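Novice: Working from the sequences, and respecting the hints, build out all of it.
So the protein sequences, as listed, match chains S and R. Be aware that the first sequence starts at 114, since it is given in the working numbering, and climbs by one per residue. Be aware that the second sequence starts at 114, since it is given in the working numbering, and climbs by one per residue.
The set of hints was computed from the structure by calculation and includes no laboratory data. Don't take each hint at face value.
Identical copies carry no separate label here, and so any pair may be met within one copy or between two of them.
Here are the simulated DSBU-like pairs of lysine-lysine, each with C-alpha atoms no more than 35 Å apart in a straight line [unchecked claim]: (1) Lys195 with Lys209; (2) Lys178 with Lys147; (3) Lys171 with Lys209; (4) Lys147 with Lys171; (5) Lys205 with Lys195; (6) Lys147 with Lys214.
Being a predicted model, the structure only gives us computed values, none of them experimental.
Protein chains: 2
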Amino acid sequence: MQNKETGWSETENNTAQEILNRAYDREILALMEKIRFQASEIVELDDIWRLHDFLSAKRHEIDGKYDNRSSVLIFVLARLLKEGWVHLDELKDLDKDKRAKITSLARM
Amino acid sequence: MQNKETGWSETENNTAQEILNRAYDREILALMEKIRFQASEIVELDDIWRLHDFLSAKRHEIDGKYDNRSSVLIFVLARLLKEGWVHLDELKDLDKDKRAKITSLARM
Chain S
114 MQNKETGWSE TENNTAQEIL NRAYDREILA LMEKIRFQAS EIVELDDIWR
164 LHDFLSAKRH EIDGKYDNRS SVLIFVLARL LKEGWVHLDE LKDLDKDKRA
214 KITSLARM
Chain R
114 MQNKETGWSE TENNTAQEIL NRAYDREILA LMEKIRFQAS EIVELDDIWR
164 LHDFLSAKRH EIDGKYDNRS SVLIFVLARL LKEGWVHLDE LKDLDKDKRA
214 KITSLARM
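Specialist: Have a look at this one:
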């Protein structure tokens, strides 16, 4: 049953959480890979500080990104879809209206 | 000729600068090596943030450490000697009194 206020049922919330979890795992895995590569390419001090800047930005980004509150889930999922961390077929268990909003936002 | 105010002659200042340069090169080389190693060991997200914390601290430390003003040179050299980035035999071209102060401070 959908919560009247949020528009998300418990089942949908659980589905969304699973989608977020998988996206998170993918993004972290790719991030680790990227950092190992960047670090292997370090040849001068500037490369170190560039890696530091990159990590600072990523930390800030990831800290705020996987927000699972119902009020923002559509936007969070759209962003992750756009960035490629969520795959389109993973949205199949959400209702049609939400799916349309997410895919539409992701195209913006 | 020693500058009466600072107690450092131009020649000594140049010598000190060369010592600082070599120490800096050694420290940066070791830092690059350490980061490449730490990055190669990354297996989870916490390892990434640990690397980030380490880089933040190092950046702050190195930014302030290689201060070549005559008024602080004794302390800067003592610290670098203590940390191993300056070698004792590199101080041989500084006058005896300065050498004694630096080695004495480095033992503290």
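Novice: Hint numbers the structure violates, sorted upward?
Specialist: none
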